[in-house]
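Sequences and hints are given; from them, build the entire structure.
Residue numbers (this note's numbering), protein chains in the order written: chain A, 222 to 493; chain B, 2 to 534; chain C, 4 to 478.
Because the hints were derived from the structure by calculation, they are not lab data.
Since this is a predicted model, take the numbers as computed values, not measurements.
There may be inaccurate statements among the hints.
[To be verified] Derived DEER-like restraints, expressed as beta-carbon distance ranges:
1) C/Q50 to B/R349: 43 to 49 Å
2) A/A419 to B/A421: 29 to 35 Å
3) B/L353 to C/S86: 27 to 33 Å
4) A/S391 to B/L328: 19 to 25 Å
5) A/T300 to B/L328: 43 to 49 Å
Where a beta carbon is used, it is the ideal one built from N, C-alpha and C, also for glycine.
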Amino acid sequence: MDGNVEDFTETRPKQAHTMSEMIKVDCRNIDVFYGDKQAIYDISLAIQDRAVTSFIGPSGCGKSTFLRCINRMNDTIETAKVSGQIYMDGADINDHSIDPVLLRSRVGMVFQKPNPFPKSIYDNIAYGPRIHGLASGKQELDEVVESALRKAGLWDEVKDRLQAPGTSLSGGQQQRLCIARAIAVSPEVILMDEPCSALDPIATARIEELIDELRERYCIVIVTHSMQQAARVSQRTAFFHLGKLIEYGDTEQIFTNPVDSKTQDYITGRYG
Amino acid sequence: MNSPAPSPSEKGSFGSAAAMKRLKQRHRAEMRFKLYGQLAIGIAIVALVTLLISIFGQASSAFSRNVLTFDVRLDAEQVDPSGERDPEAIARNVSGFNLLLQDNLAEDFLPGETDRARLRELYGMFTRLAVLPIARKTAENPEIIGTGQEFRVALADDIDLYLKGGVSERKSLKLGEIQDVTGTLDDGIDVTFADMKAVEDLRSALETFRERSEGDNQPAALIQLGETWFRLQDIDGRTASLTYLAGASTMPAAGTNASTLVLEQSEENRTVSDRQIAWTMLLKEDGRVKSVFNTSLFSHSDSTYPELAGTAAAVVGSLWTMLVTALLAIPVGIFAAVYLEEFATKNRMTDLIEVNINNLAAVPSIVFGLLGAAVFINFLGLPRSVPLVGGLVLGLLVLPTVIIASRAALKAVPPSIRDAALGVGASQTQAVFHHVVPLAAPGILTGSIIGMARALGETAPLLLIGMVAFVAEVPDGPTDESTVLPVLIYKWSTGAERAWEPQTAAAIIVLLVFLVLMNLIAIILRRRFERRW
Amino acid sequence: MDYQCGRMLETFGHLPVAWLLFAVLAVAGFVSFFAGRTQAVTVGHGQTERLNSQPNYHGYFVAMATIGPAAVILVLYALFGDSIVRAQLASELPQRIRDLGSLELGQYIDRISEQAARRDAASTGNALFDAATSRYTDLLGLSRIIAVLAALAAAGLGFFFARRQLSVHFRARSRVEDGIKFMLFLCAGIAVLTTIGIVASLFFEAMRFFSRVSVFSFIFGTEWNAQTGADFGAIPLFFGTFMIAFLAMLVAAPIGLLSAIYLSEYASPRFRGVVKPILELLAGIPTVVYGFFALQFVAPIVRAGANWVNGLPFVPDGLLAAQPTSALAAGIVMGIMIIPFVSSLSDDVINAVPQTLRDGAYAIGATKSETVKQVVMPAALPGVIAALLLAVSRAIGETMIVVMAAGQRAQITPDPTADLTTITVQIVALLTGDTEFDSAKTLSAFALGFVLFIVTLIFNLIALRVVQRYREKYE
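Printed below as a string of structure tokens:
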């Protein structure tokens, strides 16, 4: 009954550090419809492990929609219909045998606006491990909470008031709390949907630092409006436009030497 | 950028055995939780359906009524003893008409009978007041006096109920031919049945009823031989001793076909006597007792006899009350909503009004009845039991509902409309009354109708201002004594006779029909004029 | 002369004055409107663009000034005229009749006014009664003449002063709009007046009651025999009220809440679209219908069930009272009635919980039920509690179901199959039929009403405040 952390993590295939096996998530021919309206047109894209991949593009280009495919958050929208395959470590996440609940414990997500639960800081973090049974006993849970908060760089700020409500924190702290909450269930992939759009520059810098640290352990996908941010934090960048993937490559190459003229126009600020 | 095709074996990476086990439990919890929700909705719907079925089931018997047909000459002596052909005197001559019909019935069933008790039993087939419609008809057409006429009279409620399957459980059996008859009608006869099996059936039917009943109840059996009805006294083997009840007073001949009616309740335990049942059966065979659609339910006013009572006066009373309610609640409610939504500046005063209105909407309705009793009746001295006071009380009761609905409708009109009107130089009042209110009108109207529907079904406050009075006349105006439909339902439900139950259910259906109509209008209005901004 | 004057008064006493006055006022309104309009055109020398306001507004202004004061006087007359006439007549009646007591005296005057309403009424043979009737008709006629003259004078004055104000620069439109706003404000004020009326009438009548029966013995007494005017201890009524409300909530709270959760979190839009109106139907059924259902259908089942329990071998004989009307029957049916209140209010608050919170839970792999139980419900809790409070308040104040199906016996027993009585049942029992406003029996109904009003008010205020806070939090 107690699926403890070791059991769960040990089953993960050990990654060999060769280029082809560094692919964590492989998306093929993804189409997304909201009712009759098509939001994503046939996008194929492979995301590397232990790296930050950023999705950029003008508003309404489908980058958030595409991001939500990766942990099947689109399932929660009645009218959304996703087709195509997304392989994570070789298994199709849209397969009937894959439980979205389990999937989301492996693919964490951080949202645009910080959305802590109306509970204490401690319970916000502990909630995930509790429902997934990642800790047996109070002590172990305390450890999970502490390590998650440490990884999110929030521990020193909140260690004395773990029982304070999560909503009592500042916006930047709330967002790091949400990141810690995502980390606490030991995900392999962390999706971030414009995580800094509601934050001030200082808090943003703090989150960007954090993302850089997390890159060591996780596969991170970040949707951002800010090209500077994409350039700062990511190793690879995908440019979306009107629901299509225009260009995908190393961040440096995209920003210095884009192949497509639309990408060129966007990064030089002609529209967006 | 494509990676090589993944191998299926890697699928196992989603979850360890322990995690999968745990996940299974979590999914079971999920299913359980979902089931609770479905169960809750199921219970609510079952409750609604049970309520409707039980009421419609009860009411169905009240929509038909058994009437007794008379073919009778309107004897001037009895109908108009004064001979003046004064319509009012004729209409009021209930006892004359009553006697006429009673005599007519006695001639057929108890010729020459002098025993008062026996005659009263026969006359109990219909109630005195049942002749009122005939008296009125004769008063309107005095030329029919002295001629033969066919009239229909409502059967007494208990006999009506008996014919609809109430009063007592029963079973009809065929007994086959009789072989032998001895004795006389006056002292009782002994009959021998040819068919042993039929006699056994009769015995077992009696036995079943006896086992089922509590106390010292003895089931009864009535036996019909040709045109004559007998009561079963005793049965021994194939021979039964019978006493005469009703019908042709001739000794039945051997070879007559016999049938029986076995009743669970003994005569003392039911409201209809053996003889009355026999008469009813004979009349039915004659075609004189028929089941017809119960129009009196809609055309009559209240009565102390269920078979004569109808909803007409209460429906009209409800209409007068609703008129007063609408005149108070709708304009005042709309104006108040316009003020609060469009003109009121945010301050302590308007906050107070707002809180007050929200609270008023949740005040128990009976408190409004107390208000009506104390203020309208005791303080202002308005008369009791009149639609004017009832309407005022209900008007105040639904006022908050109308205000809240109207405010919601006004709020739904986008500010851009107001800006546009103000932009071309309209004053605020003009912007509101020329643009905002017309656009909000469908919503306001819908809310008003729903408020009125609520008022129509309201009972408790009206009890306190005396609208429970017995009203036999259709009210002529808002200051006439009257009652309303829901109060009538309440009054009927407290009636002692069993016959009030279907009658009450039928009145409920009349009320529900009005409510459904009002809500349908509201829904159609909403569908037809709803605007999405 | 004196005779003629008497005839005139009598004629007026018989006239249907109300309709006449409506007609006169309507005509006065039209006339003054056109008078004002014409005058405005004249003042502006036919060039309406010179006027500050459109001529129509001048017309409206004059009409408003003419009808307004007259209407106020007539409304006052409609409210108080009859009482004044009756009081005057009562004071002129012989001492013998004045000593009758307020109820009999009131009925006597009722008979007089009925007799007076018949124009062709023949003499009743009772000289005093006939004289009183004729005096009543005269007084009524006199009061009407005074009211009409006062109204006409007010209309004339208003007309005169309004016309004097008209000029090119007169801002008729803004004056008319001020008038409209004032009228709108009055309408909003009626709601406040209603509350004041409720509080005042309940309070004063309750105080009259407490001058005869002590507050303490009312609130803490355990014997209630109001019909005989003997005991006024309301504890059994409070007990019955809360017992039945509790039973009702036992039905309504889980069913209402779970349906709301299912409908807002699980159901497809189509299912929701069909089922929600069906649930709301339950709220649209008049309570008297529920009462009938409780009495005819549920109460016999409850009784049979109680008898069955009593018949079980290990149950002591007569454990349950198994009455033909019972707290349980009333409670169950009331619970059914309240389901939609709980479910639609909870539905609102659950829907107000922001989607981002749900997303947060889903994103770390919570199932739907886990999200609902641990994220949505805690967030919606204040709103849900408010919904339950409003439902309790509704249950406490509900009347017809308990009147028909709960019983009349004031007793304290934990047995739900016994018949209990409630505050509302007793109010109805005490005030139905002819009532005299001076007896302790009648006044006790107002004391009960006062308690009922205060208790429900507290519940409502708390609930509304919580809901408001809740809305502010998420909007």
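We went through each hint and held it up to the structure:
1. C/Q50 to B/R349: 43 to 49 Å: At 46 Å between Cβs, range holds.
2. A/A419 to B/A421: 29 to 35 Å: 34 Å, holds
3. B/L353 to C/S86: 27 to 33 Å: 30 Å, holds
4. A/S391 to B/L328: 19 to 25 Å: 58 Å, violated
5. A/T300 to B/L328: 43 to 49 Å: 47 Å, holds
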